[in-house]
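Undergrad: Starting from the structure of chain A, add chain B where the hints point.
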Amino acid sequence: MTSITKPPVRHPGLPRNALGLTKRDYEGAMSTLCAGCGHDSVTAALIQSFWELDLPPDRAAKMSGIGCSSKTTAYFMKESHGFNSVHGRMPSVTSGANAANRDLTYIGISGDGDSLSIGLGQLCHAIRRNVNMLYMLENNGVYGLTKGQFSASADIGSMSKKGEANEQAPIDPVLLALTLGASFVARSFSGDKTQLVPIIKAGLSHRGFALIDVISPCVSFNDHDGSTKSYAYMREHEMEAVDADFVPLRREIILPEDHAAVTVVQLHDGSTVRLRSTSPDYNPTDREKAYKHVRSCQKRGEVATGLLFIDEAGRDLHDMNRTVKTPLAELPFETLCPGKGAMDALMERYR
Amino acid sequence: MGSTDVSDPRYYHKVVDCQWACPAHTNVPQYLRLIGQGRYDESYLLNRQSNVFPGILGRTCDRPCEPACRRGRVDEKPVAICRLKRVAADLRGDITDRLPKAPAQKNGKRVALIGAGPSSLTVANDLLPLGYDVTIYEKHTQPGGLMRFNIPSFRLPAQVLDDECGYIIDQGATMKYGTPVESMKGLLAEGYDAVYVGSGAPQGKELDIPGRWDAKTIHIGIDWLANVHFEHIEKIEPRVLIIGVGNTAMDCCRTSMRMGATSVKVFARRGRKHFKASPWELTDAEEEGVEIMENHAPKRFIVENGTLTGMEFERLSWTEDEKGRQKSTVVDTVVIPCDAVILAIGQDNAFPWIERDTGIEFNEWEMPTVDKVTHQSTRAGVFFGGDAAWGPQNIIWAVEHGHQAAISMHLHCSGQDVTLRPAAGMNLVSAKLGLGSWNYANDYNPSPRAHMQHEELVKRFSAVSVEVELGFTPEQAAREVQRCLNCDVQTHFTDSLCIECDACIDVCPTSCLTMTVADDDVAVLRTHLSAPAENLDQAIYMSGPLMQTRRVMVKDEDVCLHCGLCAERCPTAAWDMRQFDLLQPYAGVEHR
Chain A
74 MTSITKPPVR HPGLPRNALG LTKRDYEGAM STLCAGCGHD SVTAALIQSF WELDLPPDRA
134 AKMSGIGCSS KTTAYFMKES HGFNSVHGRM PSVTSGANAA NRDLTYIGIS GDGDSLSIGL
194 GQLCHAIRRN VNMLYMLENN GVYGLTKGQF SASADIGSMS KKGEANEQAP IDPVLLALTL
254 GASFVARSFS GDKTQLVPII KAGLSHRGFA LIDVISPCVS FNDHDGSTKS YAYMREHEME
314 AVDADFVPLR REIILPEDHA AVTVVQLHDG STVRLRSTSP DYNPTDREKA YKHVRSCQKR
374 GEVATGLLFI DEAGRDLHDM NRTVKTPLAE LPFETLCPGK GAMDALMERY R
Chain B
17 MGSTDVSDPR YYHKVVDCQW ACPAHTNVPQ YLRLIGQGRY DESYLLNRQS NVFPGILGRT
77 CDRPCEPACR RGRVDEKPVA ICRLKRVAAD LRGDITDRLP KAPAQKNGKR VALIGAGPSS
137 LTVANDLLPL GYDVTIYEKH TQPGGLMRFN IPSFRLPAQV LDDECGYIID QGATMKYGTP
197 VESMKGLLAE GYDAVYVGSG APQGKELDIP GRWDAKTIHI GIDWLANVHF EHIEKIEPRV
257 LIIGVGNTAM DCCRTSMRMG ATSVKVFARR GRKHFKASPW ELTDAEEEGV EIMENHAPKR
317 FIVENGTLTG MEFERLSWTE DEKGRQKSTV VDTVVIPCDA VILAIGQDNA FPWIERDTGI
377 EFNEWEMPTV DKVTHQSTRA GVFFGGDAAW GPQNIIWAVE HGHQAAISMH LHCSGQDVTL
437 RPAAGMNLVS AKLGLGSWNY ANDYNPSPRA HMQHEELVKR FSAVSVEVEL GFTPEQAARE
497 VQRCLNCDVQ THFTDSLCIE CDACIDVCPT SCLTMTVADD DVAVLRTHLS APAENLDQAI
557 YMSGPLMQTR RVMVKDEDVC LHCGLCAERC PTAAWDMRQF DLLQPYAGVE HR
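Chain order of the listed sequences is A and B.
Under the numbering used here, the first residue of the first sequence carries the number 74, and numbering increases by one thereafter.
Under the numbering used here, the first residue of the second sequence carries the number 17, and numbering increases by one thereafter.
Everything labelled a hint here was simulated from the structure, so no lab data went into it.
Computed from a predicted structure; not experimentally measured.
Even for Gly, the Cβ is constructed at its ideal location relative to N, Cα and C.
Errors might be hidden in some of the hints.
[Claimed, not checked] Below, a list of computed lysine-lysine pairs in the DSSO-like style, where the Cα atoms sit at most 30 Å apart:
#, chain 1, residue 1, chain 2, residue 2
1, B, Lys475, B, Lys292
2, B, Lys30, A, Lys79
3, A, Lys79, B, Lys448
4, B, Lys292, B, Lys232
5, B, Lys448, A, Lys220
6, B, Lys155, B, Lys125
7, B, Lys221, B, Lys251
8, A, Lys151, A, Lys79
9, B, Lys221, B, Lys315
10, B, Lys192, B, Lys155
11, A, Lys220, A, Lys79
12, B, Lys155, B, Lys232
13, A, Lys234, A, Lys372
14, B, Lys93, A, Lys79
15, A, Lys234, B, Lys448
[Claimed, not checked] Label pairs and their computed distance ranges (CB to CB):
#, chain 1, residue 1, chain 2, residue 2, range
16, A, Asp131, B, Gly305, 49 to 55 Å
17, B, Pro462, A, Pro400, 38 to 44 Å
18, B, Pro462, A, Gln241, 50 to 56 Å
19, B, Ser23, A, Pro85, 28 to 34 Å
[What the hints assert, rightly or not] Partial selection, computed: residues in chain B whose CB lies under 8 Å from chain A:
#, residue
20, Val90
21, Glu516
22, Val575
23, Leu577
So here's chain A without its partners, still in its complex pose (with noise of 0.2 Å):
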């Protein structure tokens, strides 16, 4: 924790956005977490994306369960509107919430114990259900806010603090999510964020369930030798599978030379993401391949990284369910709560 809040000075020579506001109008409260977390890094990136896509804050809302990921809805867009649930329950709030307003961008942000261990069914039907989200999962293979027990996500081998070996069997997101049929499957590092924020401004422009696992090491239980998830050891064992690029509606796109290599899917608000695979056998629309390229990552010791699966055709919760296209909470009182009569003719059909 720091001994002073930030100061309301910035840099007289900083960019202003579309809306007229700089990086700093999306910041939100000073970090109370520990120095050197990930997790802030992260917070960072979605600040510069939120910023470059000139997303308006009140047209979004924060949402978070229990943990120190969960948190860090407090350190961001502090002018936004925000949910903090019960642990493990961020999905299914988010869920109600979009339903009701489906015109808002959720942010949900949680951590490997709120998704991979108390909330993972919901993260589950979350990603069944496609709900229109991003979905920032800040992956740091321990229970840091109880002093660094193994958790869900950690891999068999790593070491504890301490120096004892996880035996358990680790879940991980990627191939969750890939497995129950995710439109949007990416895995990031915190520490990395001329790669992760494309893939964050992506995340957001995609309709349907946008899933980001990000490697944001715990500095206080999860940084030493032994970690498989350390600043240390994401630098040595990353793999970038694509390197993606977000090109938003209105800027001119320009191709890099070796274009030939590049894959370019269009998103649903008109907005392109470019992808380059590193390797030349890899499609990032082919979701098989892109099981099969993380597995392979994963015995070789490697962390898959980049945006791995995208699939613009899904359909969200809203087009599965046949809502009206006016979001729930706009609708006229009279037009959504057309009264005792209008109920009666409905129950009479199920007679």
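TA: Then chain B, alone, in the frame of chain A:
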């Protein structure tokens, strides 16, 4: 660009913008903190080490520190450094027992100083504690030079001058008042080991245009001010014009208002942004009802029957050519009625008393040839400083000249090469007291610059000696001190400790930090930082390669608030806040 060498004291010194800009390199942030703590004595003494006259300069300094102040780049106005300096001087207790003292055992060397102005007194201040026998020749009967005769007492009370000159003289200088040096040869014949010429630039510039010599009420500014000081002049005519718009002009116009003038106008050839007077002096003069006229060039004095009745001016309009040079064209002429004119268009040096065959060479402008570093003339053992060396500058420059000349004189008298200057050193000590706890207040205080209270106009004009500025209260001072960004508490980086977690970059409020690929060209490096680094006067720090990715840490020093958040969010203490203390060399004091 290789990695930055912060072991060279100059790197961190430059980060302390005020100290770097101050000719005497006064340790501003540290003396401000002492004021904030109410430790006025310590603050005064620290200040005195470098600038020798805190009470005088706290009222009269040209303040090169304030335009340089970093606060002015992140907030509307810089810290009121100069007037805070005055607070320490005003509120100090008796510090006489803590002043340097001359030793009982003298070193057997005799030096003569010509003029008892700020530069000579500084030389005396530096040499007396080393055991020198110091003799000061002064043509007037009091010490202080221009500070006493040309700065009116409503800006600088006599008591302040007496105290601070006394601190030096009382160390045992032999004062020869009322003794102008009339022959350099004669002085040299007295066998001094070194001679210092600190006699100032005592001759006001003339304006030889028609009518100049036809009336009695046309005065030279500095002479007129001196006459007011000696009470040879007790009043001036009702309508007064001042020619020139430097600080002497400001003193002349404001003094006129106190000597019975009812209408005072100041005339400048050029527009306001080219004025030499400090902006606050212009404001103070205008507050007192002085009118300032731009773009007027004097053409002739209008004298009728031996009485000055007016002055004719050409009104100019200025244009700038593509090279930025100013060109004037005459629009028309105007006659301004007046009863008296004071000329304040600059000062010249005059050395009629230095014979030209003493080995002291003079150039085509009749100025002595003086080495910029050593202050030595072409005759070994004769040194020049203050306005006498290179023409009029300000008091704080005179003080710095005195320090440098004292170093040279000491080297000369101990038989050493005056060009081998003693080195500066530094202390660099962690400011950390504990977790999130520093030995300085790192929080940003958003208060606006403190406003100086002025004496009411009616009281002000009752006598020349009524001081206008009332000074800051201790409460005002304490708040103003908090506006200081503590630039001397340096962000010190140890590359081998960094784990590249980005925490410092993410938390920095002013986007100073970037981790990037090293670039040999600093101009290129400036273009790929977190925020544009467009202030080329400010340094770019670059670390050595980092352990994990071989990138480098880059810091643009420009708008760093020295808030210490980078160090507080650093998990490995790769960033640390370290208090920098520049150890300046003085005569007989060296830091290796």
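Undergrad: For each hint, tell me whether it holds in the structure or not.
TA: Evaluation of the provided hints:
The suggested pairing of Lys475/B with Lys292/B holds, with an alpha-carbon distance near 29 Å, which does not exceed 30 Å. With a C-alpha separation of about 25 Å, the suggested pair Lys30/B and Lys79/A falls inside the 30 Å cut-off, and the hint holds. Our distance criterion of 30 Å between C-alpha atoms is met by Lys79/A and Lys448/B, whose separation comes to about 19 Å. A C-alpha spacing of about 28 Å is found between Lys292/B and Lys232/B, which places the hinted pair at or below 30 Å, so the restraint holds.
Between Lys448/B and Lys220/A the alpha-carbon distance is near 27 Å, which keeps this suggested pair within the 30 Å criterion. The suggested pairing of Lys155/B with Lys125/B holds, with an alpha-carbon distance near 24 Å, which does not exceed 30 Å. This hinted pair checks out: Lys221/B and Lys251/B have alpha carbons roughly 23 Å apart, not beyond 30 Å. At roughly 14 Å between alpha-carbon atoms, Lys151/A and Lys79/A fall within 30 Å of each other, so this suggested pair holds.
Distance hint between Lys221/B and Lys315/B is fulfilled; the C-alpha atoms sit about 16 Å from each other, no more than 30 Å. Distance check on the hinted pair: Lys192/B and Lys155/B sit about 8 Å apart at the alpha-carbon level, within 30 Å; holds. Proposed proximity of Lys220/A and Lys79/A is supported: the alpha carbons are some 28 Å apart, at most 30 Å. With a C-alpha separation of about 26 Å, the suggested pair Lys155/B and Lys232/B falls inside the 30 Å cut-off, and the hint holds.
Restraint check for Lys234/A and Lys372/A: the C-alpha separation of about 24 Å stays at or below 30 Å, so the hint holds. For the hint pairing Lys93/B with Lys79/A, the CA-to-CA distance comes to about 21 Å; that is within 30 Å, so the pair holds. Restraint check: the Cα-Cα separation between Lys234/A and Lys448/B comes to about 27 Å, which is no more than 30 Å; the hinted pair holds. For the pair Asp131/A and Gly305/B, the beta carbons lie near 54 Å from each other, so the given range of 49 to 55 Å is met.
Between Pro462/B and Pro400/A, the C-beta spacing of about 40 Å keeps the proposed range 38 to 44 Å intact. Distance hint for Pro462/B and Gln241/A: a CB-CB separation of about 53 Å, consistent with the stated range 50 to 56 Å. Remark: the range hint 28 to 34 Å for Ser23/B to Pro85/A is upheld by a beta-carbon distance near 31 Å. Interface hint at Val90/B: satisfied, since its Cβ lies 5 Å from the closest Cβ of chain A, which is below the 8 Å cut-off.
For the restraint placing Glu516/B at the interface with chain A, the shortest Cβ-Cβ distance is roughly 6 Å, inside the 8 Å limit, so the hint holds. Look at Val575/B: its Cβ gets to within about 6 Å of chain A, closer than 8 Å, so that hint holds up. At a threshold of 8 Å, the smallest CB-CB gap from Leu577/B to chain A is about 6 Å, leaving the interface hint in force.
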